[in-house]
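**Student:** Residue numbers (my numbering), protein chains in the order written: chain A, 1 to 211; chain B, 1 to 76.
For the record, the hints were derived by calculation from the structure and aren't laboratory data.
Straight-line C-alpha distance at most 20 Å; calculated PhoX-like pairs for lysine-lysine: (1) B/K43 with A/K128; (2) A/K65 with B/K10; (3) B/K10 with B/K43; (4) B/K50 with A/K199.
Here are some chain B residues the structure puts well away from chain A; computed CB gaps all over 12 Å: (5) A20; (6) H22; (7) Q24; (8) D27; (9) E33; (10) R35; (11) E39; (12) M41; (13) E73; (14) I74.
Ideal Cβ positions, reconstructed from N, Cα and C, are used throughout, including at glycine.
So the chains spell out like this:
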Amino acid sequence: MSWVEASGTTIEEARQEALELLGAASEEVELEILDSGSKGFLGIIGNKLARVRARLKPAPAQVIKEFLTQVVQAIGLDVSFQVKPEEERWRVEFEGRDVRILIGRRGETLNSLQLITSLAVNRCLDDKVRLIMDAEGYRDRREETLQRLAKRLTERVRRTRQEVVLEPMTPNERRVIHMTLQDDPWVETCSTGEEPYRKVVISPRRKGERH
Amino acid sequence: MKELVELLAKALVDNPEAVAVHTQEDDSGVTIELRVANEDMGKIIGKQGKIARAIRTLAKARGAKTGKRVSVEIQP
Numbered sequence: 001m002s003w004v005e006a007s008g009t010t011i012e013e014a015r016q017e018a019l020e021l022l023g024a025a026s027e028e029v030e031l032e033i034l035d036s037g038s039k040g041f042l043g044i045i046g047n048k049l050a051r052v053r054a055r056l057k058p059a060p061a062q063v064i065k066e067f068l069t070q071v072v073q074a075i076g077l078d079v080s081f082q083v084k085p086e087e088e089r090w091r092v093e094f095e096g097r098d099v100r101i102l103i104g105r106r107g108e109t110l111n112s113l114q115l116i117t118s119l120a121v122n123r124c125l126d127d128k129v130r131l132i133m134d135a136e137g138y139r140d141r142r143e144e145t146l147q148r149l150a151k152r153l154t155e156r157v158r159r160t161r162q163e164v165v166l167e168p169m170t171p172n173e174r175r176v177i178h179m180t181l182q183d184d185p186w187v188e189t190c191s192t193g194e195e196p197y198r199k200v201v202i203s204p205r206r207k208g209e210r211h
Numbered sequence: 001m002k003e004l005v006e007l008l009a010k011a012l013v014d015n016p017e018a019v020a021v022h023t024q025e026d027d028s029g030v031t032i033e034l035r036v037a038n039e040d041m042g043k044i045i046g047k048q049g050k051i052a053r054a055i056r057t058l059a060k061a062r063g064a065k066t067g068k069r070v071s072v073e074i075q076p
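Same shape as in the complex, but just chain B:
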């Protein structure tokens, strides 16, 4: 899961070295915390959150494959 979000984020930003992904897993599922450089926030979120939504959807597909509930939090 971490690999997927990291791969997607790094492919979209200007500062791939600033991409950091942490995962937390508990009974309710997996929470993924994605951090990117401040100036890259727009590239990760997109107009009306379009890109962020697409990242979440793909993470959920990974969750569907592994039977886990997934949430992705994006922070600068």
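So here's chain A without its partners, still in its complex pose:
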């Protein structure tokens, strides 16, 4: 996005001029004061105009689109995507022939792309944005799988009275397990280990600790 320069007898005048040049409202632009100007001596000698420069703030959707288009092409994936605004975050939805490669084993590739895209676009934007990426309903399917897994393992813990340690999961995935079992009268959950190998443990609820 390129800068435009504008000047006026006051900063306010220069600012108005810049907004007019860009054809934008003030919340859509970023503005820098280059020279605050001066009235000069007796308003005659040494008059200096106030000068500002301004440009349109990069729009998140555009920055996300540009970066992802390049990455998808560099990986060589046959997928298309849409960027949609949500409350307090942006949702990117992928579809196409290569979504399985894009998702990767247990969502590993999709999560990696989400992390790197989030870091990369936030470097270009003034206001921090949050990103969530999904591909053909993967996130919902994964959540259902985890809920079923949690319930199945709960049965095992009840039967054997032995705790079960799950495989390493992302914070979001662990949250799904904790939430699924939070009101279960028979088992309790906790997390153990360090990222990225942090795991959920499901153990028999100790007597007297029912809530």
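With chain A fixed as given, assemble chain B onto it according to the hints.
**Tutor:** Frame of chain A, contents of chain B only:
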């Protein structure tokens, strides 16, 4: 492969001009050597190697697409 790693690295660091990527290919697959400015190492590796792992995962996706085994080495 080179393009991908270069694109990701340059988007994450403060000194994109210092990003250098070399690839070596042999029977066992592709080895990618990524160099960034010293001060950018943290931005490329991340907490507990989180960002480095994400870069490797995406490079492997590219490898899966082309049928090659990929490893990424990161050096200052």
